[in-house]
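Novice: Put chains B and C on the given structure of chain A with help from the hints.
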Amino acid sequence: MKRSLAGWTFAAPALLVIAVFFFLPVVAALALSVTDFDIYALADIHNLRFVALDNYLGLLRNPLFWKTLGNTLYFVVVGVPLSIAVSLGAALLLHSKLGRFKGFFRTAFFAPVVTTVVAVAVIWRYLFHTRYGLVNWGLSWVGIDPIDWLGDPHWAMPTIIVFAVWKNFGYNMIIFLAGLQSIPEDLYEAARIDGAGPWRQFRHVTLPMLGPVLLLVGILTMSGYFQLFAEPYVMTQGGPLESTKSVLYLMYEEGFKWWNLGNASAVAFLLFVLMAAVTSAMMWFARRKGAE
Amino acid sequence: MGFEGEQVAQLLPEFERRNPGIHVDLQQMPVLSAHEKLLTAYAGDSLPDVTPLGNTWIPEFALLGALDPLDEEIAATPALDVADYYAGPWDSGVIDGRTYAVPWYVETRIPFYRVDLLHEAGIDKPPASWDEWRTAMAAVKRKVGPKRYAILLPLNEFEPLLNLAIHDPLLRDDGRYGNFRSAGFKRTLAFYKEIFDNDWAPKVANTAISNVWDEFGNGYYTFYVNGPWNIAEFRKRLPPSLADKWMTMPLPGPDGPGASVAGGTSFVVFRNSRHKAAAWKLIAYLSEPRVQVAFHTLTGNLPPRRSPWKDPSLANDRHARAFREQLERAVPTPKVPEWERIATELRLVGEQVANDRMTVDQAAAELDRRADAILEKRRWMLDHGGGHAAGATQ
Amino acid sequence: MKRPLATAIVNGLLVALALLSIAPLLWMLSVSFMQAGEATHFPPPLLPSAPTLHNYHELFARAGMGRYLFNSFLVSTCVTLLALLFNTMAGYAFAKLRFAGREKTFRLLLAALVIPAQVAMMPLFLLLKQMGLVNTYMGAIVPGMATIFGIFLVRQYARSIPDELLEAARIDGAGEMRIFFQIVLPALRPILVTLAIFSFLAAWNDFMWPLIVLSDQDLQTLPVALASLSREHVQDNELMMAGSVVTIVPVLALFLVLQRHYIQGLLLGSVKG
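Chains as they are written, first to last, in this note's numbering: chain A, 14 to 305; chain B, -7 to 386; chain C, -18 to 254.
Next up, chain A with everything else stripped away, as it sits in the complex (with noise of 0.2 Å):
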């Protein structure tokens, strides 16, 4: 009895606090959603009209909507596999028993990630200017022409992607590497014994070993990527030509700089919606395959 009510008693301050300040703007973005609620509305609430699903309708038909849908899977399709592999390259590096001065270059490779990531993004958009930045100037000495890498709608997503890259690889690599360390080391004994040599020891031994971890990381770094807003937003304001303009910034643009919260809030919805479903989809992967 008493033990029941000290259980909610101490649970209640967190959940209260989720509860009204999570949960109940999740469901009251829902409401929203379903409504047009715009700068008219905000003067006057009589202006709002219910439109059912309109919002999503006109999203789908929307070719910005598939751009920037279009730009954030670029960015996750790209940039998951790339920073995995950084991760998982860095793990096996610091991991391997040929290394040296370990705990430096655990702390270097963590450092970026506990930069804030607008400070570093204006570091960057000067390293890679065209004119001046020091990328273009390296480039130079190799006799490469200066790629214009924030200005070039080729160029500029594949910049915030490396950008990306840089600044999460650190934070996976303690993952991978926690994982490798828990791997015993008679598994790679027996396989040595039959011959097998480093390459084929990662891919028979490590790898699957691995294998929930790598899901583990997979799962968290794309629902992370799906969130892509804050590189765009202070390094190319999602141009140029739109082309890094994410799913979360067209959201913040339509919330926050013309206040269509209606049809803002369906954009939110329809990324959520998305990125359960991916991350259903490799979970349901993941068993086929064994992993689980």
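If you are wondering where the hints come from, they were derived from the structure by calculation, not from laboratory data.
Note that this is a predicted model, so its numbers are computed, not measured.
Ideal Cβ positions, reconstructed from N, Cα and C, are used throughout, including at glycine.
One thing to keep in mind: the hints can contain errors.
Derived pair list, reagent style EDC-like, types lysine to aspartate or glutamate, alpha-carbon separation capped at 20 Å [as the list claims (entries may be wrong)]:
1) K228/B to E19/C
2) K77/C to D144/C
3) K139/B to D158/A
Quick list of simulated restraints, FRET-style, between CB atoms [what the hints assert, rightly or not]:
4) G57/B to H167/A: 44 to 50 Å
5) G116/A to A92/C: 35 to 41 Å
6) N75/A to R229/B: 39 to 45 Å
7) A1/B to R241/C: 47 to 53 Å
8) L(-14)/C to L152/A: 26 to 32 Å
9) H167/A to R173/B: 28 to 34 Å
10) L94/C to T351/B: 44 to 50 Å
11) L66/A to T351/B: 32 to 38 Å
12) D206/B to L152/A: 22 to 28 Å
13) A(-11)/C to E149/B: 50 to 56 Å
14) L287/A to I3/C: 33 to 39 Å
Specialist: The following block gives chains B and C in isolation, referenced to the frame of chain A:
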């Protein structure tokens, strides 16, 4: 906002001296996000007492019921002589017959140009029509080669295209529909596209130009269409050797001198302000001709009243002369609350056209499609005699 | 034969990757000490020719960086303290205290992790407006006071507290509150440190929410102020770099000092999950 925000601080001490008991808390806002921030502040009930508001935003805020009508205060302040103001800018603050805003400074966009580079290209007279401008830009490009340009029209700004297009009505039917498929707008868009197709202008955003004034000095481009604050900036930043090698000229139009946008900023008092009387005193102070001349000296911005222009500092300013002439032909933008949004679409489609991703016809149809969609709610509200459907259009 | 080559490759790669990781940060530091306009040259300079504190002076004297620094510290600290209290209590409850609907509620919380926070932002803004919290410090603090991830973290760790310890205390007649403060909290100390670091970092680096809820310049936190500075002062690169340094250094320092705890927490939160 922006540069003006930094400079007006210098005028405040005298105001506070003359009005002991009133302290002005100056908050600066970056220009790029000012619109969002003000709307957010409105939604969050955290607006300041008085703000200089971009003219094009006045219909929006008036519709929201955020602004206090100022007719009474204006009538009670004889020093604020309405007849002394230029008609266009004053009119942009009048919505449905009531005055919500008092112009602070006006601006419009005209070309700044390098006299010496133009001369080297063989052009001795500044172009006065689009045809003459075409000739001039082609000549300059031939002279400067592939790595430099004749004109800078940043793709992340809507002002360049808008100023070229404003001589035609951009919306029709009292702001219910877009008018972008008209022959007039298509001609403008074709001219805009031609400039990029011929490589007279670089296909860049202004962020790719690390410093617009230095690059003008470097001759990276010969024409730069922008506003009056650049007079002060160029004088400050260009080396002395270039001091008399640049000039301003009226904006060319299709067949002769052209129209431009009557932009600028006007003071508004917010309805929820608790210090309206003090706010009005500040507005009256900053509207005094003498103070307006001082402000001009600080920023290069142009007074919206005719009497300050008589002051020698303005009357003898050779760079300001073209602006004075242009202001007579300045035209307000359509007074619909959705204008900011439509202008953004104009820029986005313009960017596509400049990059040869759309033809002029495709772009015009697309702009009409987008404008019509944005104006749908306005049509609904006008048809239902709804709420506060404010604003007449051009 | 193979060993020296392999060793060289591994260490070489480590060095290269480390360089790529921290080079931008080092360069940021270098540019922040350069004279105004020095960085807009080709070829770009690597080191300042005449190091100066001018940019920092500008930041603090004219751009009001001191205020933003204070705001960030205030908001982050408040969020951390509140989050520590709320999340710990809830995490312990989910781990050790039986109550009706405990497992169901917890599963619901986990499921909610999938929902991106941005979905809630706009209605949350309207809600806070009704509560009068928009454009106040509380508005920036309140949504971060309890997080699902924080509760999860504490719960994972709290499960390892031996039940016998708690039972013994109850038999001795101690009330639940006393048990919490005198037994549980000390036992949870390592995870508390981790949670504190997580909360502080998240609050310090948070960008989108403070951007939306804090319109008054005086209240802005560092990331927001830096973003608006950078969009305005596209030309003043040296100033921007100095701003970045001021924004990054506190959290980087915190991390360097407490990295062991942070990394531990990360592992606890993810590997088991």
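Novice: Against each hint, give a clear statement of whether it holds in the structure.
Specialist: Results of checking the hints against the structure:
no. : hint                           : verdict
1   : K228/B to E19/C                : 18 Å, holds
2   : K77/C to D144/C                : 8 Å, holds
3   : K139/B to D158/A               : 13 Å, holds
4   : G57/B to H167/A: 44 to 50 Å    : 46 Å, holds
5   : G116/A to A92/C: 35 to 41 Å    : 38 Å, holds
6   : N75/A to R229/B: 39 to 45 Å    : 43 Å, holds
7   : A1/B to R241/C: 47 to 53 Å     : 49 Å, holds
8   : L(-14)/C to L152/A: 26 to 32 Å : 30 Å, holds
9   : H167/A to R173/B: 28 to 34 Å   : 31 Å, holds
10  : L94/C to T351/B: 44 to 50 Å    : 48 Å, holds
11  : L66/A to T351/B: 32 to 38 Å    : 34 Å, holds
12  : D206/B to L152/A: 22 to 28 Å   : 24 Å, holds
13  : A(-11)/C to E149/B: 50 to 56 Å : 53 Å, holds
14  : L287/A to I3/C: 33 to 39 Å     : 35 Å, holds
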